[in-house]
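S.K.: Take the sequence shown: its position 358, counted from the start at 1, is 352 in the numbering used here, and no numbers get skipped.
Keep in mind that a hint or two might mislead.
[Stated by the list, open to error] Label pairs and their computed distance ranges (CB to CB):
{"#": "1", "residue 1": "L244", "residue 2": "R136", "range": "19 to 27 Å"}
{"#": "2", "residue 1": "S36", "residue 2": "S218", "range": "42 to 50 Å"}
{"#": "3", "residue 1": "Q225", "residue 2": "C147", "range": "25 to 33 Å"}
{"#": "4", "residue 1": "Y96", "residue 2": "Y63", "range": "44 to 52 Å"}
{"#": "5", "residue 1": "S251", "residue 2": "S218", "range": "30 to 38 Å"}
{"#": "6", "residue 1": "L146", "residue 2": "T99", "range": "43 to 51 Å"}
{"#": "7", "residue 1": "D229", "residue 2": "V168", "range": "40 to 48 Å"}
{"#": "8", "residue 1": "K144", "residue 2": "S36", "range": "33 to 41 Å"}
{"#": "9", "residue 1": "T157", "residue 2": "P67", "range": "31 to 39 Å"}
{"#": "10", "residue 1": "S218", "residue 2": "L93", "range": "45 to 53 Å"}
It should be emphasised that the hints constitute simulated quantities derived from the structure, not laboratory data.
Cβ atoms here follow ideal geometry from the backbone N, Cα and C, with glycine treated the same way.
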Amino acid sequence: MDSGHRSFLDSYKRVSLFLKISAVYKHGMKNTGVVQPYDVKSLYGPALVGLVLSAFLSGLVTLQTFQYYRNYPKDSIPLKIYVFVLLLLNMAHLVIIFLFVYYYTVLHWGDLSVINRLTWAWSAQFITTSVIIALCHCYFIRRVFFLSEKKLCLVVILTILATLQVGMSIWLSVYGLNGQTILDFLETEEGARARLLGISIASISSAALCHTLIVGATVWYLKSYRTKWNQGLLDKILVYIVCTGAPTSLCVYLTLSTLAAFPTKFVYLIFIFPICLVYSKSILLSLNARHAIQNTEMPTWFSTTTLALDHIQAQADDSLVRNIIQSIRRDRIGGSASRITVPEELHFRNSGLYSGHLSLCPDADAPDIKDCSE
-5 MDSGHRSFLD SYKRVSLFLK ISAVYKHGMK NTGVVQPYDV KSLYGPALVG
45 LVLSAFLSGL VTLQTFQYYR NYPKDSIPLK IYVFVLLLLN MAHLVIIFLF
95 VYYYTVLHWG DLSVINRLTW AWSAQFITTS VIIALCHCYF IRRVFFLSEK
145 KLCLVVILTI LATLQVGMSI WLSVYGLNGQ TILDFLETEE GARARLLGIS
195 IASISSAALC HTLIVGATVW YLKSYRTKWN QGLLDKILVY IVCTGAPTSL
245 CVYLTLSTLA AFPTKFVYLI FIFPICLVYS KSILLSLNAR HAIQNTEMPT
295 WFSTTTLALD HIQAQADDSL VRNIIQSIRR DRIGGSASRI TVPEELHFRN
345 SGLYSGHLSL CPDADAPDIK DCSE
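Let's have the full structure, built from the sequences with the hints guiding it.
M.R.: Listed below in structure tokens is the structure:
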């Protein structure tokens, strides 16, 4: 019995020691300098792909910014400052994610202990991303505000969602600067990691829901202005809004889906790194299309051939009015035209921050512009 009892105690001690070692090993053994094995490819690969995509989109954003300042010199000062701030923030974002990738792939290549250190660029990129997305949301929310004839209900909801997105992203940034490691963003079994995952998903979900509501509201209000006289023009505008907003929606939902499907990997970095550049590109496309809308070849995400053409058309004082007149001539069945009221705040006029209504009473043969309010 004594030998059996001692054998049982020895077995119990071995099992207890094994469980303690396993627990320490599971948490990375930070106090002893031993690093938990981690496949760095799941971090380095998506980060590098996200950096390349961001660099490519940064070039497109810079090109569109140059095109904007060249073709719209008479825009309001606040709008010009807004575009310039977007450009600066996007450049800063690109530099930050470059430093993040450079830190892990160059300065500390092959050093697995670097997983236990979280560089400041990790937190900074959350801030730049959230601020840029919020600025873009403000632009779109203002457009919805004027298209809805200044109805506040939907605008308040959109503003709350945009604010939640920024607040949760800043929370993640502060948490990352509070002595955390990359492994803390991977351990789904721990309560802290569960909170991090929940905050990340809630932040991206807020941005996705806000963007979806903005697109839906814009399309809905534009369709409410449709008549048989302006159907051709509004259809062109609707198609253009959907086409330019599709990459933004795709990027947002891919970020959300990859984060939810692969919480212990960094696949979502492929999409979250360039997402703010996608938003900025969508804004600039909307601004630069104001004079080009009457062309059959509209500016697209990758087009550069409309630079000279847009510059020539920018000399026109009121291309939207000419546009509507052409649409009336093309779509009119016959007889005298009825009064037409279309939203002027479609970001296709000289000032992207201006809002109002345009009333047209075209003549049967040669439509003229005049005030129909009297």
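S.K.: Hint by hint, say whether it matches the structure.
M.R.: Each hint, compared with the structure:
A hinted range of 19 to 27 Å holds for the C-beta pair L244 and R136, which are about 24 Å apart. Taken as a hint, the range 42 to 50 Å holds for the pair S36 and S218, whose Cβ atoms sit roughly 48 Å apart. In this structure the hint that Q225 and C147 lie 25 to 33 Å apart at CB holds, the actual value being about 28 Å. Look at Y96 against Y63: about 31 Å separates their beta carbons, and that is not inside 44 to 52 Å.
Taken as a hint, the range 30 to 38 Å holds for the pair S251 and S218, whose Cβ atoms sit roughly 32 Å apart. Between L146 and T99 the CB atoms are about 48 Å apart, so this pair conforms to the stated range of 43 to 51 Å. The supplied range of 40 to 48 Å is met by D229 and V168, whose beta-carbon atoms lie about 47 Å from each other. Separated by about 48 Å at the C-beta atoms, K144 and S36 break the suggested range of 33 to 41 Å.
The hint said 31 to 39 Å for the Cβ distance between T157 and P67, and at roughly 34 Å that hint holds. The supplied range of 45 to 53 Å is met by S218 and L93, whose beta-carbon atoms lie about 48 Å from each other.
In summary, the structure is inconsistent with hints 4 and 8 from the numbered list given earlier, while agreeing with the others.
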